[in-house]
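J.: Kindly produce the complete structure, drawing on both the sequences and the hints.
Line by line, the protein sequences are chains W and B.
Per my numbering, the very first residue in the first sequence carries number 3; after that it's consecutive.
Per my numbering, the very first residue in the second sequence carries number 478; after that it's consecutive.
Hint data in this document are derived by calculation from the structure and do not stem from the laboratory.
There could be a bad hint or two in this list.
No farther apart than 20 Å at their CA atoms in a straight line, the calculated lysine to aspartate or glutamate pairs in the EDC-like style are these [said to hold, decoys possible]: (1) W:K108 with B:D628; (2) B:K579 with B:D635; (3) W:K108 with B:D635; (4) B:K604 with B:E509; (5) B:K612 with B:D584; (6) B:K643 with W:E154; (7) W:K127 with B:E641; (8) W:K130 with B:E570; (9) B:K588 with W:D81.
Just so you have them, the derived chain W footprint on chain B, three or more residues with Cβ under 8 Å [as the list claims (entries may be wrong)]: (10) 591–599; (11) 607–618; (12) 630–641.
Computed beta-carbon distance windows for the label pairs [unchecked claim]: (13) W:D314 with B:R495: 27 to 33 Å; (14) B:K578 with W:Q109: 54 to 60 Å; (15) B:R495 with W:R112: 38 to 44 Å; (16) W:R365 with B:E633: 36 to 42 Å; (17) W:V222 with B:K645: 35 to 41 Å; (18) W:D314 with B:K496: 43 to 49 Å; (19) B:K496 with W:R365: 41 to 47 Å; (20) B:V489 with W:S163: 33 to 39 Å; (21) W:R112 with B:D510: 51 to 57 Å; (22) W:R365 with B:D510: 54 to 60 Å; (23) B:I573 with W:D137: 25 to 31 Å; (24) B:E575 with W:R365: 51 to 57 Å; (25) W:Q109 with B:K496: 37 to 43 Å; (26) W:P291 with B:L644: 55 to 61 Å.
Ideal Cβ positions, reconstructed from N, Cα and C, are used throughout, including at glycine.
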Amino acid sequence: MTTLDTWLKSSRTKNDLETSLAREVNRLLTVYRSHLPSGEPMAGGCQHLIMRGEPQVLLQTCRAEALFSFDSSKSRSFDGMPINIKLYILSFLSPSDLCRLCMTSKQLYRLCSDELLWQRILLQKSRKWKQIFDDSNPDFYKRVCADIPSKEIYLRCHPDSPGTSIFMPKVPNLLHYFVPTKPKLVMFGPGLETSTSRLVRSILTDQQLKGLSDEPRFQVTGMVPGVFAGVGSGISLKLSEYAFNLVTLYSNVKAVRQRLNAEDRVLENKLFDHGPQPEGRPMVHDVKPAIQELLRRAHGFIYVVDASRSCDEIAMTQCELFAMMCELWAPSHVPLLILACCRGNEELVVPTIDVVRALRLGRLNRKWLAQSGDVETLSGIRNGFRWLLNEATGASFFAKIR
Amino acid sequence: MIQLCSNDDPPVSFTVPRKAVELSKTIKTMLEDLEGFDMEQTPIPLPNVDAPTLELIVKWVEQHQDDPPPVEKPRVEDDDSDDSDADDDQEPEVVIPEWDKKFLPTDDEQKNQLFKLLNAANYLEIKPLLDIGCKYVADKISGQTVEWVRDYLNMENDYTPEEEAKLKEEIAWAEGL
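T.: And the structure:
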């Protein structure tokens with residue numbers, strides 16, 4: 003009975019062990035059968051024989067069993083650990099670590115691509131994203147194709163993903179003849195009337211503030227008179243190679259704005275005609291004719307929200323955005339930039355992904371980008387403007403067909 | 478006092494205060510189930526834990542027996558409805574205390590012991606020990622090269638060169654995530 007000993011030592015993998023054990027059991031069974039009168043049932047089977055006959059074999063079988071229930075040679079390595087520990091270890095790693103570990107081995111590739119792992123990452127990390135485009139909105143992927151793995155959604159939607167790069171190659175100068183020379187951007191939204199109202203002043207004074215970064219800055223080049231009944235006057239600006247006109251629409255005169263809360267703000271909004279409210283029906287917001295005309299001639303829209311407000315408050319302004327973005331006066335090819343603004347302290351703000359959800363941007367039929375930014379330093383905001391100008395001048399379109 | 482036996486032949490037994498041993502949920506549940514029996518006299522066999530590992534476990538539970546119990550916070554149901562108050566689903570960060578840093582078998586030659594310890598902590602359901610152990614391994618792996626991790630985790634590269642090149646290309650941009 004030294005065979006058990008030898009195969010325990012010689013067999014390396016569990017598979018080997020299993021086959022050799024099976025062989026050994028078979029051999030013992032044959033021995034056992036030969037001792038029995040033919041036809042008699044084998045009570046207790048092989049074990050019976052072992053228990054009765056050879057105590058040494060008994061001990062070794064017990065050890066073999068222990069090996070199967072708990073392979074002690076394996077417990078010493080990462081490979082032998084239960085899957086829950088492995089995944090738990092991986093859950094502490096960053097997405098870049100996980101992507102790199104995929105290269106280690108096929109087993110680790112499967113572990114590093116675990117759906118639950120990435121669901122958690124997507125849930126947590128997407129709250130830190132500063133930019134979300136219409137086609138990099140994770141909720142969009144989840145809704146449209148439910149079986150797409152979270153890892154893929156994450157990699158596709160991450161702001162640094164090659165799939166969502168905002169800066170297309172520069173358009174040859176000739177092409178500028180075909181595109182509007184000075185796109186008109188229309189900016190509106192509740193964020194212009196709260197603590198983030200500083201945005202406009204920051205843009206106007208951007209050139210004078212000498213910062214450390216050599217990021218291109220906003221330059222004021224002139225004023226644009228209004229066209230319709232006082233509506234639509236604005237400022238001519240330059241940002242790197244783009245020249246544009248910026249028209250800012252407020253919901254009310256300053257004195258009134260300051261005493262209204264979010265709900266009344268919509269009702270008192272001077273951009274809208276408020277018809278008589280039909281009994282039991284939701285309020286209808288109709289954009290005033292002069293504003294409609296202005297929107298029809300715009301090349302880009304900017305909707306400003308104050309990200310230091312609560313999600314509910316942002317959600318309440320959703321009807322304002324959708325009323326303005328109605329395709330009767332806001333052509334669907336005109337891009338929309340949503341600026342989720344904060345002032346200074348970025349830690350306390352609503353994550354960009356929650357702004358996207360609160361405003362239900364997934365339902366908009368146009369190109370959009372949700373960008374968070376600081377109204378003091380304009381960080382993030384310049385980026386957003388450059389995306390919008392790039393889209394508005396058709397530059398990205400020409401870049402694509404090239 | 479409770480006696481714990483390792484899976485060695487002959488078993489090595491350790492005597493541990495009941496309070497300390499109850500840091501293991503597995504043993505705690507077992508003791509509760511066996512309420513009424515004189516458990517002081519009956520050694521508890523631990524078929525999955527060998528003596529060196531058990532010694533570490535005993536050391537750890539004795540050190541941590543007076544720790545305040547971890548705060549169990551109610552699980553927030555996170556179905557993927559777009560509720561906006563999922564703000565604090567950020568799990569508390571695992572911090573490895575100074576004593577534990579010295580305690581964990583951290584030398585590279587001892588990594589097998591570390592894995593055995595994790596296995597045992599998992600089997601005995603000692604969550605805080607599993608936390609710091611897994612966090613330690615994760616910190617160790619984080620930022621390392623593929624070759625290093627392969628060596629550390631004792632893995633074999635089972636990719637063909639073509640597969641490897643393709644993967645490399647796919648994840649190249651993900652380095653900065």
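J.: Are the hints correct? Go through all of them and say.
T.: Verification of the hints:
Restraint check for K108 (chain W) and D628 (chain B): satisfied, since their Cα atoms lie roughly 15 Å apart, inside the 20 Å limit. For the proposed pair K579 (chain B) and D635 (chain B), the alpha carbon gap of about 35 Å is over 20 Å, so the pair is violated. A distance of roughly 6 Å separates the Cα atoms of K108 (chain W) and D635 (chain B); the hinted pair therefore holds under the 20 Å criterion. A hinted pair counts as satisfied when its Cα atoms are at most 20 Å apart, and K604 (chain B) with E509 (chain B) qualifies at roughly 18 Å.
Distance hint between K612 (chain B) and D584 (chain B) is fulfilled; the C-alpha atoms sit about 16 Å from each other, no more than 20 Å. The straight-line distance between the Cα atoms of K643 (chain B) and E154 (chain W) is roughly 16 Å, inside the 20 Å bound, and the hint therefore holds. Restraint check for K127 (chain W) and E641 (chain B): not satisfied, since their Cα atoms lie roughly 28 Å apart, outside the 20 Å limit. Of the supplied pair hints, the one linking K130 (chain W) and E570 (chain B) holds, its CA atoms being roughly 17 Å apart against a limit of 20 Å.
A threshold of 20 Å between alpha carbons decides the hint, and for K588 (chain B) with D81 (chain W) the separation of about 13 Å falls inside it, so the pair holds. Here the stretch 591–599 of chain B counts 5 residues with a CB under 8 Å from a CB of chain W, which clears the bar of 3, and the coverage holds. For the stretch 607–618 of chain B, the assignment as covered by chain W holds, since 7 residues bring a beta-carbon within under 8 Å of that chain's beta-carbons and 3 suffice. Only residues whose beta carbon comes within less than 8 Å of a beta carbon in chain W count, and the stretch 630–641 of chain B has 8; three or more means the coverage holds.
Between D314 (chain W) and R495 (chain B) the CB atoms are about 51 Å apart, so this pair departs from the stated range of 27 to 33 Å. A hinted range of 54 to 60 Å for the beta carbons of K578 (chain B) and Q109 (chain W) is inconsistent with their spacing of about 29 Å. In this structure the supplied range 38 to 44 Å holds for R495 (chain B) paired with R112 (chain W), their Cβ-Cβ distance being about 42 Å. Hint check: R365 (chain W) to E633 (chain B), Cβ distance near 50 Å, so the stated range 36 to 42 Å is violated.
Checked against the hint of 35 to 41 Å, the C-beta distance between V222 (chain W) and K645 (chain B) comes to roughly 48 Å, which is inconsistent with it. At about 47 Å, the beta-carbon gap between D314 (chain W) and K496 (chain B) stays in the expected band of 43 to 49 Å. Hint check: K496 (chain B) to R365 (chain W), Cβ distance near 58 Å, so the stated range 41 to 47 Å is violated. Between V489 (chain B) and S163 (chain W) the beta carbons are some 54 Å apart, a value that contradicts the proposed interval 33 to 39 Å.
Between R112 (chain W) and D510 (chain B) the beta carbons are some 37 Å apart, a value that contradicts the proposed interval 51 to 57 Å. For the pair R365 (chain W) and D510 (chain B), the supplied restraint of 54 to 60 Å holds, since their beta-carbon distance comes to about 55 Å. I573 (chain B) and D137 (chain W) have their C-beta atoms about 41 Å apart, which leaves the hinted 25 to 31 Å range violated. Between E575 (chain B) and R365 (chain W) the Cβ separation comes to about 53 Å, which falls inside the hinted range of 51 to 57 Å.
The hinted window of 37 to 43 Å between Q109 (chain W) and K496 (chain B) holds, with their beta carbons roughly 40 Å apart. Distance hint check for P291 (chain W) and L644 (chain B): the Cβ-Cβ separation is about 58 Å, which falls inside the suggested range of 55 to 61 Å.
Against the hints set out earlier in the document, violations occur for numbers 2, 7, 13, 14, 16, 17, 19, 20, 21, 23.
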